[in-house]
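Student: Chain by chain, the residues:
2 protein chains.
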Amino acid sequence: MYFLLKFAPLFLAVSVCHGWLFGDFVGKQKEVDEISLWPLPQKFQSSAVAFKLSPARFLIVHAKESSAGPGCSLLENAFRRYFEYVFGELKKHEKSRKKAFDSDLVELKVWITAADPECDGYPSLQTDESYELSVDSPSAVLKAANVWGALRGLETFSQLVYEDDYGVNNINKTVISDFPRFAHRGILLDSSRHFLPLKVILANLEAMAMNKFNVFHWHIVDDPSFPYISRTFPELSQKGAYHPFTHVYTPSDVKMVIEFARMRGIRVIPEFDTPGHTQSWGNGIKDLLTPCYSGSTPSGTFGPVNPILNSSYEFMAQFFKEISTVFPDAYIHLGGDEVDFSCWKSNPDVRKFMEQQGFGTDYSKLESFYIQRLLDIVAATKKGYMVWQEVFDNGVKLKDDTVVEVWMGNKMEEELQNVTGAGFTTILSAPWYLDYISYGQDWQRYYKVEPLSFPGTDAQKKLVIGGEACLWGEYVDATNLTPRLWPRASAVAERLWSDKSVTDVSKAYDRLTKHRCRMVKRGIPAEPLFVGHCRHEYNGL
Amino acid sequence: MYFLLKFAPLFLAVSVCHGWLFGDFVGKQKEVDEISLWPLPQKFQSSAVAFKLSPARFLIVHAKESSAGPGCSLLENAFRRYFEYVFGELKKHEKSRKKAFDSDLVELKVWITAADPECDGYPSLQTDESYELSVDSPSAVLKAANVWGALRGLETFSQLVYEDDYGVNNINKTVISDFPRFAHRGILLDSSRHFLPLKVILANLEAMAMNKFNVFHWHIVDDPSFPYISRTFPELSQKGAYHPFTHVYTPSDVKMVIEFARMRGIRVIPEFDTPGHTQSWGNGIKDLLTPCYSGSTPSGTFGPVNPILNSSYEFMAQFFKEISTVFPDAYIHLGGDEVDFSCWKSNPDVRKFMEQQGFGTDYSKLESFYIQRLLDIVAATKKGYMVWQEVFDNGVKLKDDTVVEVWMGNKMEEELQNVTGAGFTTILSAPWYLDYISYGQDWQRYYKVEPLSFPGTDAQKKLVIGGEACLWGEYVDATNLTPRLWPRASAVAERLWSDKSVTDVSKAYDRLTKHRCRMVKRGIPAEPLFVGHCRHEYNGL
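One line per chain: the protein sequences are A and B, in this order.
Counting from 25, one number per residue, gives the positions in the first sequence under the numbering used here.
Counting from 25, one number per residue, gives the positions in the second sequence under the numbering used here.
Incorrect hints may appear among the rest.
Note that the list lumps identical chains together, so a pair holds whenever it fits in one copy or between two copies.
What the hints assert, rightly or not - List of simulated lysine-lysine pairs, DSS-like, C-alpha gap at most 30 angstroms:
1) Lys435 to Lys369
2) Lys545 to Lys223
3) Lys485 to Lys279
4) Lys485 to Lys263
5) Lys531 to Lys263
6) Lys423 to Lys407
7) Lys531 to Lys486
8) Lys369 to Lys279
9) Lys279 to Lys545
Calculated from the structure, these hints are not laboratory results.
A quick note: this is a predicted structure, and the numbers were derived from the prediction, not measured.
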């Protein structure tokens, strides 16, 4: 992920002869103003030569040489989606008898080069998302190893198209070679503190694809509610959801989210956080949570998962067996954050257990005892796991492929140093808690973060595989989630995709302003960056 | 407005005999939980006796004694609106052959007592919004002097209805006597920094009525754009709007806003702010703005309205003549805030004029010179005016009926003291700039404001006629305005309507949580206060 294709001097010399310019757009300023790539590709050249796209003639097609064809429904769906983004409601395609003009772009050929295009596969941490895009008359060519790179390239292609003064779609002669800087570029949504209707989740997956995000970290359950319908333990949602019918995700809802995400090259990593953040689990599963004591009698309230009972581990084994089959991704997020020890401390049985195990009064040892057994249970399902940083901090023995998520703002750099120093891969979310709002353009603060600024060796830095923008659910639901997330999360998208050198906030402002209008035009109610307007304002409420 | 109907001891004694309780709901806790009046009425009694409402039988009707009848389209529309709020999509009304049960509520009789119900009138600062509501089987009676009080009572009636476990609409035996604490309860929306589609404005007028707000302060134009289409000076929007066709308010749009507001008892007070905040005016009207100088030559930029040219005043006379006919309210807001003197200082003609007038270098005298002439122009149209506090601060001679709007947060109490001390009526917006956002439940801060806490005589306090929640447009447009405004503005609504003694934040939290779910159910995407859920979540995006 870390090799940066710098422009070779020779290549530059040749290009200047042909009137190209690198790294920025040239040509008629008016038209160039309309273009706004987000996130910025790693390498691109564009010239003033413009081609026209006619909705009656233009097609997105499989290249002859491509390993994918009309049977690749992932690509067929993507072709339709991007055709509609570009041409709007003008869906009627007429085979025009007139010949195309030389100044027309008549097709985009999508060329999958690998033997297996992965049409029916799932994206993964190892997925190659690189692509090459060349726009020239009469055909543009998008070349990628597999469908995942093609999806990224299709988004870029659609962003290159702009309307001229006559409302005609134009695209400039362009060459792009692109790949992500980081492999894990995620959005966390929390469907427990407020239930998020399917519609909201799908709309945000759409928006994620527009920003080249590739991981949906689904913080699906937590203390307040348990909306996930488990086939093995239906009581969990029957008694733990806000409402057992209207505020739940059925197995087919979950399938739909996973498939909708897959079609956009997005992994779905579910988080089932234990042993803390589990109040809602206790409604359906007897004895799962630790009974808290008030003096010598149970107080009637409950704490984290009870770590001293075998039944807790038996439950977890069955539960995560189900989860490992429902969610195809190689990783499950196991949480492990913010365990409150007060209930454990109050419980005489837990204290006795501590004594037996020789933990003294160090309850983080008990926490690690639990987590260690849980990790072994999950490892047995052949899944990898992600955990919040406390699990690492408490010295739990982790599998080599564990991804540690750094979320605490204080001592963030020290933590990155420690986690990578111990040889673990890590993702960063600490600077990107988007639930914290403030007046003004806070996207700039997210944009200015440099994830690799911590002190460490090159080897350590390679272990930082990405980051996540987190929108915790205390104050968001279907009414306000989407405009609160976008385009603020877009700042994180560019930081995680584009080259490290792409840091100009003022240029970013111009591009992002247009990018957010593009999202609005595509139906996403992304909020404004500042004073101004979009050609097509939001049509919803 | 300031007489507070405290519960007379005699009345209380009688009521206790009949099993009533005052000031809070009694009865089956489960059902009482469903009720949540917002803003809280001045005086109410409710008992555990519940009546059922059948959509097949229940009607809202004109009382026989009422001065209004089916010809009163304002009320007819309101009856339909509140019937739909209560019964949702069940619009079919069948004259049931079965007799109503004794436990049914079969009708709400609306009784307008004044000779003129004001069906075709407009609400004003002097409007009597009081009403009395009595719910008892078989009929509820809503009594008000005119339609404006009836509208407030209909909202309250609809808030009293709750669903029981069978989904049947119930209403408890209730007596309410209600009136607003303050006469001016406004919302400021800014349609210049971002254009607000008509749909957004109308939706927010709906939400205002649900919260008993009665003034829409329409900050319609400002520096960035001029969306108001003037019949007299069409160039203003043709050259000053973001787009002359898509980002403008046509005369019929404006009429629709005014009529939609009128039907809900809401005044529309347009603000045409001068001499500052007028950059967008300069595009269409030659020589209206002051040319700024760089040394001895014009710099090409422009400042506030040029106060030294007669043509400026001639323009204003014609312009405000039009405004005074387009907007029926007795008041126009003339702005007068934040005048930047640097351009005037740079201009040699202005400096010469200052000298001639003997203003020295005190440019606030020039500002007052302009405002004074403007006020006289507007007074000649028989309109009253509202102004931002600077106009008062600068010592401009104001008409007795001028309303001074206090918006500066620092020394707010001192300013209230000064303005009322000088005998002017005032409204408060300083603590309620809702465009400033922060993490968490900032509604509580708005709720805790006591507008009359400044030092002053009773006579001074009576001059505070209300307040406004302001949502300036830097960071909001159609994508995020509505959830950002609601239910945060609801906190201001209760502060301005309910008795001074209604200050319990914890009780307010419970009621407001339900009130916001009610708004959501009615189609307003009001954002959540905190973790939780609504029975009917938002159906939009």
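Student: Hints first: check each against the structure and report whether it holds.
Tutor: Right, here's what the structure says about each hint:
1. Lys435 to Lys369: within (28 angstroms within a copy, 51 angstroms between copies)
2. Lys545 to Lys223: So Lys545 and Lys223 pass the 30 angstroms test inside a copy (18 angstroms) and across (17 angstroms) alike.
3. Lys485 to Lys279: Neither, since 35 angstroms and 62 angstroms both go past 30 angstroms.
4. Lys485 to Lys263: Intra 45 angstroms, inter 54 angstroms, cutoff 30 angstroms: neither.
5. Lys531 to Lys263: Answer is between: at 27 angstroms across copies they meet the 30 angstroms cutoff, but 51 angstroms inside does not.
6. Lys423 to Lys407: within (11 angstroms within a copy, 77 angstroms between copies)
7. Lys531 to Lys486: Result: close within a single copy only, 28 angstroms intra versus 53 angstroms inter.
8. Lys369 to Lys279: Intra 41 angstroms, inter 68 angstroms, cutoff 30 angstroms: neither.
9. Lys279 to Lys545: both (28 angstroms within a copy, 28 angstroms between copies)
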